[in-house]
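Just so you know, the sequences run in chain order U and S.
For the first sequence, the numbering used here assigns the number 1 to the initial residue and increments by one for each residue that follows.
For the second sequence, the numbering used here assigns the number 1 to the initial residue and increments by one for each residue that follows.
Hints listed in this document are in silico derivations from the structure and should not be mistaken for laboratory results.
Accuracy of the hints is not assured; some may be wrong.
What the hints assert, rightly or not - Here are the simulated distance ranges between beta carbons:
(1) S:R86 to U:R83: 37 to 47 Å
(2) U:S65 to S:E197: 57 to 67 Å
(3) U:N76 to S:R86: 40 to 50 Å
(4) S:G152 to U:V24: 17 to 27 Å
(5) S:R143 to U:P61: 24 to 34 Å
(6) S:L85 to U:G137: 21 to 31 Å
(7) U:G204 to S:L85: 53 to 63 Å
(8) S:Q249 to U:P48: 21 to 31 Å
(9) S:A119 to U:I141: 30 to 40 Å
(10) U:Q286 to S:Q69: 46 to 56 Å
Glycine residues also receive a C-beta, built at the ideal position from the N, C-alpha and C atoms.
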Amino acid sequence: MLKNMKASQVGLGLIYLVLIIWAVISLIPLYWVFTTSIQQPEEVQIMPPRFIPSVISQYLPLKMSGQTERAQELVNGALESYRLLFQKTRISRWFLNSLMISLTATAGILFLDSMAAFSFAKKQFPGRDFLFWIMVGTMTIPGQVLLVPLFMVVRELGVVNTPWAILLPQLSMVFGVFLLRQFMLTVPSELMEAARIDGASEFGIYWRVMLPLAKPGLATLGILTFTSSWNSFLWPLIAVQKSEWFTLPVGLKTLQDQNLVNYGLLMSGAAVAAIPMIIVFLSFQQYFVKGLTLGGVKG
Amino acid sequence: MVNAPFSQDQEVVTMFKRMWKSRSGYLFILPKYILFTIFVLIPIIWSFFVSFQEYRIFGTEWVGLRNFQDAFQDDLFWVAVGNTLRYAAVVMPSTVIIALILATLIHPLRRGAQTFFRASFYLPTVASSVVIAMVWRWIFQTRYGIANYFLGLVGIEPINWLHSSAWALKSVIIMAVLTPPGVGIILYLAAMGSIPEDLYEAARIDGANRFVQWWRITLPLLKPTTLYLMIVSTIGSFQVFDQVMLMTQGGPGYATTTIVHRIYNVAFRDFQFGYAGAMSMLLFVAIITLAFVQSKLVSSDVEFKG
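Next up, chain U with everything else stripped away, as it sits in the complex (with noise of 0.2 Å):
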């Protein structure tokens, strides 16, 4: 019993120890974008590197020992990058049209498929079925197959080179409908027919019965909208050419092409597009993998 019990700890140790290397090599990347993003102009790029950037090392010891100028100077240096990308790129202008987007994309998603998945679930009409499973059986085309024709229908709206051409496809995507669906045929109908009878107008139902009761689903939905929203590379990269209607990610493209070598440049870029999603995803964890369990395999 006893060497049954030791050998079950070395191997809890060893899968301890195996989680964490990996867990290292999965991070560093995001660890090396905020580093090199904070480190001195002139350490960014030497050999060896310099893991753990100076401003970080040094400027306690430096405070501590009196040298507060030479502090100061190492804080400045570690903004370097930062006060280039704010100041000599549209940097605040992408973000601003990513967030803009994003939130726009999230909350039209929301309204529009929390709407089309009660009736879908919960109303009786002739078609229901049918014009439910046109709409799933389209979640099986990969979207990069269709970037032609999108962009030909776009341009014929007129849109191309205006948020709308990236927004206007994000709100057509109807995995929102599918993942609302599904979690709206849990609650019992009887709610809504007690409303019903107390008067209550459809719109009402759908607005203070249904919503309210989706709310776990609709935060669901609502952070993988933002986040893939965010994120989406390919197709901002086509539907917007001006400079002006950048997105965040297609913004990091550009700067990339004219800035081959700032390496310190382009990490703070990429720093500043990261850490919304890092803070988002980090205070709704819980809803990352009700998303994902919920959306993907039934088990």
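Fit chain S to the known structure of chain U by using the hints.
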């Protein structure tokens, strides 16, 4: 028989009456369905026509199958197919296997540790592929990149990662393999959590050790998840674009040109919409066929209530 047209009319009338009575049902789906029709259905239908046409400055011309012939005779198309296949052949299986291994290791841990590792492995998935590709371009930089620095520590000569045709595609593949499969880990963990505990208990009583339990109970019951991940990552790796666009732009030469990268260039740099549409069609057929073959190979003959 004489009454037939009349009763048909009546059916139509009652049908319309039913539709009118349930009009709120239609109104609720209407806004979404309008957008869906314009930006999903019409492009799908249009894609059939695009690939049979040639687009010129003045109007379009119906060219039948010529765009498809062009694709088959275009060396660059085959280079792109070859690169995509090489990428998918490594990335698809490694995504699934790594997700399975990591989930297996995480699952027996305490709740707090589970959450911690799940978050660490999912975090790179949350950051945009553009961010990840940009930093890997820096990691793979020949003189100051940390990839060559670490290799130097174990005495390996620096490699010209992104600028040599021998290594460029391998670099993109290495990046994809080293970026942890966050989605797969989460799905596997969820599936493992829903396997009834009494199955393992029965196996323990029969004297099965941990590995046998995993091999005979866990693995077969994970089949639906495995199949789903295989299909999703096949679709994903056949559409690889962002990484290539940011790390190598398809180069050097055409060493890392993938199918979607080729479609992008043909359509939006050369404006040959018909030809790009034909390649898209071929890509779609390839993906659907592969998904079908995979689902036949890994037919999930296990059923259990989770």
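Outcome of the hint check:
A beta carbon spacing of about 43 Å between R86 (chain S) and R83 (chain U) agrees with the range 37 to 47 Å that was offered as a hint. A hinted range of 57 to 67 Å for the beta carbons of S65 (chain U) and E197 (chain S) is consistent with their spacing of about 60 Å. A beta carbon spacing of about 47 Å between N76 (chain U) and R86 (chain S) agrees with the range 40 to 50 Å that was offered as a hint. Checked against the given bound of 17 to 27 Å, the beta carbons of G152 (chain S) and V24 (chain U), roughly 19 Å apart, stay inside it.
The beta-carbon spacing between R143 (chain S) and P61 (chain U), approximately 30 Å, falls within the hinted interval of 24 to 34 Å. Between L85 (chain S) and G137 (chain U) the C-beta distance comes to about 27 Å, which sits within the given range of 21 to 31 Å. Judged by the Cβ atoms, the range 53 to 63 Å given for G204 (chain U) and L85 (chain S) holds: they are separated by roughly 55 Å. For the pair Q249 (chain S) and P48 (chain U), the beta carbons lie near 29 Å from each other, so the given range of 21 to 31 Å is met.
For A119 (chain S) paired with I141 (chain U), a C-beta distance near 32 Å keeps the hint of 30 to 40 Å intact. Under the hint 46 to 56 Å, the C-beta atoms of Q286 (chain U) and Q69 (chain S), about 52 Å apart, fit the expected range.
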